[in-house]
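Once you've looked at the hints, dock chains H, U and F with the ligands against the given chain R.
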Amino acid sequence: MNDFRDLYQEMILDHYRSPRNFGPLESQNLSARGYNPLCGDEVELHLYRDGDGILRDISFEGCGCAISTASASILSEVLKGRPENEVRGIFEEFHKMITEEGTAPEGEGLAKLKVFSGVKNFPVRVKCATLVWHTLIQALNEKEEEVCTE
Amino acid sequence: MNDFRDLYQEMILDHYRSPRNFGPLESQNLSARGYNPLCGDEVELHLYRDGDGILRDISFEGCGCAISTASASILSEVLKGRPENEVRGIFEEFHKMITEEGTAPEGEGLAKLKVFSGVKNFPVRVKCATLVWHTLIQALNEKEEEVCTE
Amino acid sequence: MNRQSHTDEPGGTSLDLATVRSLFPCLQQQIHGNPLVYLDSAATTQKPISVLEAMDGYYREYCSNIHRGIHTLSERATAKYEDVRNKVAALLRAPDPRSVVFTSGTTEAINLVARTIGRERVGSGDEVLISAMEHHANIVPWQMLCEEQGATLRVIPCSDEGDLILDDLVDLISEKTRIVAIGHVSNAIGTVNDIKRIIHSAREMGALTVVDAAQSVPHMNIDVEDLGCDFLAFSGHKVYGPTGSGVLWGRLELLEAMKPWQGGGDMIRTVSFEKTTYADVPLKFEAGTPDIAAVIGLGAALDFVNEIGLDAIYAHEKELLDEAVAKLDQVSGVQIVGRPNQRASSISFVLDGVHPHDVGTILDQKGVAVRAGHHCAMPLMKRFGLVATIRASFGVYSESEDVDSLVEAIDEVKVIFR
Amino acid sequence: MNRQSHTDEPGGTSLDLATVRSLFPCLQQQIHGNPLVYLDSAATTQKPISVLEAMDGYYREYCSNIHRGIHTLSERATAKYEDVRNKVAALLRAPDPRSVVFTSGTTEAINLVARTIGRERVGSGDEVLISAMEHHANIVPWQMLCEEQGATLRVIPCSDEGDLILDDLVDLISEKTRIVAIGHVSNAIGTVNDIKRIIHSAREMGALTVVDAAQSVPHMNIDVEDLGCDFLAFSGHKVYGPTGSGVLWGRLELLEAMKPWQGGGDMIRTVSFEKTTYADVPLKFEAGTPDIAAVIGLGAALDFVNEIGLDAIYAHEKELLDEAVAKLDQVSGVQIVGRPNQRASSISFVLDGVHPHDVGTILDQKGVAVRAGHHCAMPLMKRFGLVATIRASFGVYSESEDVDSLVEAIDEVKVIFR
Ligand SMILES: Cc1ncc(COP(=O)(O)O)c(C=O)c1O
Ligand SMILES: Cc1ncc(COP(=O)(O)O)c(C=O)c1O
Chain R
169 MNDFRDLYQE
179 MILDHYRSPR
189 NFGPLESQNL
199 SARGYNPLCG
209 DEVELHLYRD
219 GDGILRDISF
229 EGCGCAISTA
239 SASILSEVLK
249 GRPENEVRGI
259 FEEFHKMITE
269 EGTAPEGEGL
279 AKLKVFSGVK
289 NFPVRVKCAT
299 LVWHTLIQAL
309 NEKEEEVCTE
Chain H
169 MNDFRDLYQE
179 MILDHYRSPR
189 NFGPLESQNL
199 SARGYNPLCG
209 DEVELHLYRD
219 GDGILRDISF
229 EGCGCAISTA
239 SASILSEVLK
249 GRPENEVRGI
259 FEEFHKMITE
269 EGTAPEGEGL
279 AKLKVFSGVK
289 NFPVRVKCAT
299 LVWHTLIQAL
309 NEKEEEVCTE
Chain U
32 MNRQSHTDEP
42 GGTSLDLATV
52 RSLFPCLQQQ
62 IHGNPLVYLD
72 SAATTQKPIS
82 VLEAMDGYYR
92 EYCSNIHRGI
102 HTLSERATAK
112 YEDVRNKVAA
122 LLRAPDPRSV
132 VFTSGTTEAI
142 NLVARTIGRE
152 RVGSGDEVLI
162 SAMEHHANIV
172 PWQMLCEEQG
182 ATLRVIPCSD
192 EGDLILDDLV
202 DLISEKTRIV
212 AIGHVSNAIG
222 TVNDIKRIIH
232 SAREMGALTV
242 VDAAQSVPHM
252 NIDVEDLGCD
262 FLAFSGHKVY
272 GPTGSGVLWG
282 RLELLEAMKP
292 WQGGGDMIRT
302 VSFEKTTYAD
312 VPLKFEAGTP
322 DIAAVIGLGA
332 ALDFVNEIGL
342 DAIYAHEKEL
352 LDEAVAKLDQ
362 VSGVQIVGRP
372 NQRASSISFV
382 LDGVHPHDVG
392 TILDQKGVAV
402 RAGHHCAMPL
412 MKRFGLVATI
422 RASFGVYSES
432 EDVDSLVEAI
442 DEVKVIFR
Chain F
32 MNRQSHTDEP
42 GGTSLDLATV
52 RSLFPCLQQQ
62 IHGNPLVYLD
72 SAATTQKPIS
82 VLEAMDGYYR
92 EYCSNIHRGI
102 HTLSERATAK
112 YEDVRNKVAA
122 LLRAPDPRSV
132 VFTSGTTEAI
142 NLVARTIGRE
152 RVGSGDEVLI
162 SAMEHHANIV
172 PWQMLCEEQG
182 ATLRVIPCSD
192 EGDLILDDLV
202 DLISEKTRIV
212 AIGHVSNAIG
222 TVNDIKRIIH
232 SAREMGALTV
242 VDAAQSVPHM
252 NIDVEDLGCD
262 FLAFSGHKVY
272 GPTGSGVLWG
282 RLELLEAMKP
292 WQGGGDMIRT
302 VSFEKTTYAD
312 VPLKFEAGTP
322 DIAAVIGLGA
332 ALDFVNEIGL
342 DAIYAHEKEL
352 LDEAVAKLDQ
362 VSGVQIVGRP
372 NQRASSISFV
382 LDGVHPHDVG
392 TILDQKGVAV
402 RAGHHCAMPL
412 MKRFGLVATI
422 RASFGVYSES
432 EDVDSLVEAI
442 DEVKVIFR
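Protein chains in written order, with my numbering: chain R, 169 to 318; chain H, 169 to 318; chain U, 32 to 449; chain F, 32 to 449.
Pulled out of the complex, with its shape left as it was, chain R reads as follows (with noise of 0.2 Å):
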């Protein structure tokens, strides 16, 4: 059996409760808007990246159930300050994390992505946790159209 208390950790509850870094960006230079038709949760995030490829600044709005809200805020916290070519390995990372018997991310400040790893026992919550790191890529790909999870 699947405990959801796997699923539910404290750490995902806490970020849900008191998500960080929510609200615009004003130093923005880049944003993507993400869609989740499944719970019909929204999210849009904020980003300041510098000429060097550094995200020095991520912020969001939006978002919904306690999945993609905490995966929201908690990317903006482990991210800030890393390079942009960085991050899309740790979302590779992430993603197999919970969809294969992918282990979590390794590196400094990456842990809490661990928390995360819950979902692979919830197909159905995939799409919740990374719904705001597919509007992260689609943000650094400079793409104009809304990412959809269908």
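Simulated from the structure, these hints should not be mistaken for laboratory data. There could be a bad hint or two in this list.
Here are the computed lysine-lysine pairs in the PhoX-like style, where the Cα-Cα straight-line distance is at most 20 Å [stated by the list, open to error]: (1) U:K413 <-> F:K306; (2) R:K280 <-> R:K264; (3) R:K264 <-> R:K295; (4) F:K111 <-> R:K288; (5) U:K111 <-> H:K295; (6) U:K306 <-> F:K413; (7) F:K306 <-> F:K290; (8) H:K288 <-> U:K111; (9) H:K264 <-> H:K288; (10) H:K282 <-> H:K295; (11) H:K280 <-> H:K264; (12) H:K311 <-> H:K288; (13) H:K282 <-> H:K264; (14) R:K295 <-> F:K111; (15) U:K290 <-> U:K306; (16) R:K295 <-> R:K280; (17) R:K282 <-> R:K248; (18) R:K288 <-> R:K264.
Note that the structure is a prediction, hence the values are computed from the model and not measured.
What follows is chains H, U and F with the ligands alone, placed relative to chain R:
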């Protein structure tokens, strides 16, 4: 088991091979067309009804399968010279005979219709046996549309 | 025609629930170690064994294509298929089985109407009226039609209680109104609408009326003559029948005058490259090989429903709905969405501080199957300022214990999200 | 994606016919006291037990609606349903499963194309090209489209042998030709058409190509990339699957650019009364609750077909078709309609002095199930100066004894009609 020999009685086969009253009718003052989408067969019925409502002459063209051809041929023989009202009554009895446990139409000169009693055991062939009859009623009612036994 | 007699005493027959439940194999299972509590019947009902056996019987004993076949298997299949038309006509108290068109579901039935007579009747500047609580299946086809024809979509508003506001009906329905398409029962919040009144007003102004009966046919007796509507659509899979079966009932004279929709086999009388003539109703609207097995299964489903009786089903479900409302009202943090005058099928609610999606996941872990989402009724969600709700919906096999399991599981959610 | 390997040696696997036949419950019966000889597979095939079990499994174990459901049953059903998309893509060697749209059958698939991209591409003065041997499903939708748009329907003629005459293809396909819609295998006379050549010519002139593969998918390997077509349609019930299942495959970029057809749930992304946005392909084209059970059954049918292999099926059926042609040629009075270069699925014939309908009735009494009629191909019948033929059609379970029973029963017809 329903024996198909009950269906294909000698008289039916005879009328199929040599249909009586086949061809146009010079004196015609009523006519109608009927179509059976199941076998693709079409029948055109020609009538001469006199002022007293007597069917003085009957002929047909078209048809196709043994049952519908024999039905048209035997109808033309059996009904010639009968008043319209009687003819409608005969159709009702005929219809009962080939769909429910009705007996054959009684009356002088109607015995031939009995050869169709075997049709009762072949429900999909009922339309073949009745096509010309429905067409007859259509002609008597002076309706324009083609009859279709859908 | 094979009409069923309908008793006048609602609840006259009381339901033997244990026996009823034993007829549904899918209910006899555990989910994550808990007995399945199926509260998603508005999405699709479970199917009794008799329905599965009817379909299996077709496939094992007389599997063949219908119409125009002269061999024994085809003859049997055709007779069985056509007999279901009589059963549907009897269910809807429709005088003529030829007015019953088989479709793949409610959605196809509504699209058929919009794309045939809808196109003919609705022109530039005309109006189509729907309500604020329609399912997308009764919004999008009309929206597409209005866009194509330059017509306007108007909407009967919904009160905070979740009832349609009919006071201004005279303003909403005018000579411009060509079609009024209304859901009988809301799949999202369970409101039973006073469609008779709406139909009456629409007819007075000469508008066509279309009833989306997807959520009423499974729960209450329907009489199309008494309602006075022109078209009525429902889905077999929501009334204990198979997926792939559905019905469009229409007034015979309208169906006869309508152009066909899809082209193909069975819907034609004769085809040549120069000229094609169409079959009579209902075959004119049933192009191609229909879902023969599903229609035969629908026949068995209607037999099942008739055996218990829709009055008994309605009474049983009403009792459960009342009980669920009362018990959910006791749970702190639960807000029921809509307090309609009359309710059938469903209850929607939200839980303070927890997203419906999270509620759904945890309930599922407890074996309780509910829907969490917009229930294909986004405009209604918006009306209530929500993006999603949790919906519990009931069927003939639902029992009081299901309500208790639901409430217990919600308590568990609250523990986690405390 | 779950691609099957395809052996290059036709007939390399030889078929264990007794085992195959034992998988089909409906074949194990007597008709009028004679063993059933089912020679009507072109109308619909019999279904193997595995298909019935797959559907039954859905209804008994995880019956629920799909997409947007977050409970376990819905999750299982969604995964099973979506997995069949992969199987269909593998069957057709389609690179992307999103290019597979589930429909209720070939008829709906062709209508979908005609009503969406057909409407957009075909205007006044344009032409649509079909062939003289199309099934009504691939005639009537184009005829309706041409009539509506003021376009012209043109027809590739058919030779006395029953082959399409392709010599004048350059004259038939011009810049005016917007769509070329061709049947791969004739359901009426069994011709395998050289569609690759036709598609090539059509593409050169910029016309869209639509393949009616209803009678080819059950009998031969198909590779949509190799064929080069834009759309391809088939019916599940003709390839050992359930009624109600069908497929439209289309080029992804075309599907993506196309407007949706039917409106409803599942095909939308967001709905408001002001603005509705549509889901991505393939869901954009799957409005409403699909025939979930039938799609799951189709998955099992494709597994069955893959296990035997279409090369082996083709080889087995070719042997039987050759044998049937040879034996029917020996029966005096029998005239086979069409002697095509390559044949699959069916043989049509007439018997001197006996109407096909009467032949059909007597054959049925002997347990031999054939079709007698126009086979939804009236223009082709007319081409041969006939109103009807008798058609014997074959499947993987057909055997040499079936051919003998057919010939014996024809002898009996001749005795009666002597
Ligand atoms: C060649 C061909 N095209 C189209 C169809 C129509 O298929 P369906 O009736 O399953 O939609 C058929 C089957 O009758 C066929 O044989
Ligand atoms: C009120 C209402 N209308 C229409 C539909 C659409 O039915 P289907 O998906 O069976 O076509 C539904 C079911 O989801 C419904 O509840």
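Please list, smallest to largest, the hint numbers that this structure does not respect. 12
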